[in-house]
Amino acid sequence: MVAKRVYLDSSIWVSYILQEKRNNRAQTVQQLFHQIEEDEDVILVSHLVLLEVLEVIRKRITESEPYTDLDDNKKKEIKGKVQKKTSLFLKALSHLIREHRVALIDSQKPVDQWFGMTYSIFISSSGDISTHNHYPGGRRRALPKYRYRGVGHYDIQHALTAQEFSARDLHTFDQGFVELEGHQEFEGMKFLIQVV
Amino acid sequence: MVILQPAKKWDAQDQREQRAPPPGIESGQSPGETWGKREMSVRYPLNEIVAEITRDWLSTPEPMPWRINRSIENAPLPVSVLSREIDELRQIVQELKESNSVLQSRVSALEEKLAKEMAADNLWEISDNNLLILEEASGIVTPPGRKQDPLDALKGLLMEYSDETVDSVELVRSVRG
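If you read the protein sequences in the order shown, they are chains A and B.
Per my numbering, residue 113 is the first one in the first sequence, and the count goes up by one each step.
Per my numbering, residue 604 is the first one in the second sequence, and the count goes up by one each step.
Don't read these hints as lab results, they were simulated from the structure.
What you are looking at is a predicted structure, and each value in this text was computed from that prediction instead of being measured.
Treat each hint with caution, since some may be false.
[What the hints assert, rightly or not] Under the rule of at most 20 angstroms between Cα atoms (straight-line distance), these lysine to aspartate or glutamate pairs were calculated in the EDC-like manner:
#	chain 1	residue 1	chain 2	residue 2
1	A	K203	B	E738
2	B	K750	A	E211
3	A	K116	B	E773
4	A	K197	B	D724
5	A	K171	B	D770
6	B	K719	A	D181
7	A	K133	B	E720
8	A	K193	B	D766
9	B	K719	A	D281
10	A	K257	B	E773
11	A	K221	A	E211
12	A	K133	B	E738
13	A	K187	B	E763
14	B	K719	A	E299
15	B	K716	A	D218
16	A	K197	B	E738
17	B	K716	A	D181
18	B	K716	B	E728
19	B	K758	A	E167
20	A	K193	A	D181
21	A	K221	B	D724
22	A	K203	B	D731
23	A	K171	A	E189
24	A	K191	A	E177
25	A	K203	B	E688
26	B	K758	B	D770
27	B	K719	A	D153
28	A	K196	A	E167
Taking the hints into account, I'd like the entire structure generated from these sequences.
See below:
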């Protein structure tokens, strides 16, 4: 029997390494990994996912550091922490790849074809416009603002990579992928958007 | 003013090639005795020459224009036949366009399927190759064998940087720009 392939979006990995408490997302991911192990499925990780997760690690560590002073020593200290966590992440991921539990993939399509497909999907998706009444801090705005919500080009490229490698499912917490569901390009692939 | 200008000599070569002597020169005149005189303006000899050549050219009778057989113009135009033929050809062009478009989309679909199959078939080859690239780029080497399940090693790797407000979706969006 051919192992099922599942593509995990960056939000799943970020949630897992941060043990995200919001809506019990970390628990959802834990259950997902259990299921994958039990079914002996293969996890697909793209270079795009890897780079996004590494960038989140870099930003999160830097921005979580309590402010004391900013000099060369402080910069060195923060960079050292980033380097340590990055290295641990890459080592663990490399083991998973070597054990063939995770496959590290990238599109084999020529760049012009790749962008052609991305454009074609992007252009055919118009997104939605809504209003929001609060500032990021939670304070109410005097006048509401319009907000554009639609599929981003990164979402499309994640989905295209997953599709190219015959992923049966794409798991994510990101609602942006909703628009790609049912798109003819992704016929046969399920978008499992965890609404938690 | 009259100037003397040498004319062409009627010489032995002309005789051999049976060229007639120019008018005014009697045959039998010895070669070298063909000096003639032409009346020309001293100031504008070139104008005189051009005018003379032009006069000669104008006096040359024009060739008869081509006789055109205009009988085709009088033939009745088969408009209905032509229209029908045009319609039929247009129909053929349309059918060719449609079949071309169908074939093009079939080729594209097959190409895509082939690329997908190749990528799917070579999954581990691609992955192993990408791992080598990653190790080389990052300088991280993973020797075979391990102390801990790597999936467990990843769990909570950034725990100390997490809190109640963490939103993985927003964090990822922040790096997607």
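Hints, one by one, checked against the model:
1. A:K203 - B:E738: Cα-Cα ~9 angstroms, so holds.
2. B:K750 - A:E211: holds, 14 angstroms
3. A:K116 - B:E773: Status violated; Cα separation ~29 angstroms.
4. A:K197 - B:D724: violated, 33 angstroms
5. A:K171 - B:D770: Satisfied, since the Cα-Cα distance of roughly 14 angstroms is no more than 20 angstroms.
6. B:K719 - A:D181: This hinted pair is violated, its Cα atoms lying about 52 angstroms apart.
7. A:K133 - B:E720: violated, 39 angstroms
8. A:K193 - B:D766: Holds, because 18 angstroms separates the two Cα atoms, which is no more than 20 angstroms.
9. B:K719 - A:D281: It holds: about 16 angstroms lies between the C-alpha atoms, which stays within 20 angstroms.
10. A:K257 - B:E773: The hint holds at about 19 angstroms.
11. A:K221 - A:E211: violated, 26 angstroms
12. A:K133 - B:E738: violated, 32 angstroms
13. A:K187 - B:E763: holds, 19 angstroms
14. B:K719 - A:E299: Holds, because 13 angstroms separates the two Cα atoms, which is no more than 20 angstroms.
15. B:K716 - A:D218: holds, 17 angstroms
16. A:K197 - B:E738: holds, 16 angstroms
17. B:K716 - A:D181: Violated: K716 (chain B) and D181 (chain A) sit about 57 angstroms apart, past 20 angstroms.
18. B:K716 - B:E728: At roughly 19 angstroms apart (the allowed maximum being 20 angstroms), E728 (chain B) and K716 (chain B) satisfy the hint.
19. B:K758 - A:E167: holds, 18 angstroms
20. A:K193 - A:D181: holds, 16 angstroms
21. A:K221 - B:D724: holds, 15 angstroms
22. A:K203 - B:D731: holds, 15 angstroms
23. A:K171 - A:E189: holds, 14 angstroms
24. A:K191 - A:E177: Holds: K191 (chain A) and E177 (chain A) sit about 11 angstroms apart, inside 20 angstroms.
25. A:K203 - B:E688: Given that 20 angstroms is the threshold and the Cα spacing comes to 74 angstroms, the pair is violated.
26. B:K758 - B:D770: With a Cα-Cα distance of about 16 angstroms, the restraint between K758 (chain B) and D770 (chain B) holds, given a limit of 20 angstroms.
27. B:K719 - A:D153: Since the Cα atoms of K719 (chain B) and D153 (chain A) sit roughly 19 angstroms apart, the hinted pair holds (cutoff 20 angstroms).
28. A:K196 - A:E167: Holds, at roughly 14 angstroms.
In the structure shown, a violation is registered for the earlier hints numbered 3, 4, 6, 7, 11, 12, 17 and 25, in ascending order.
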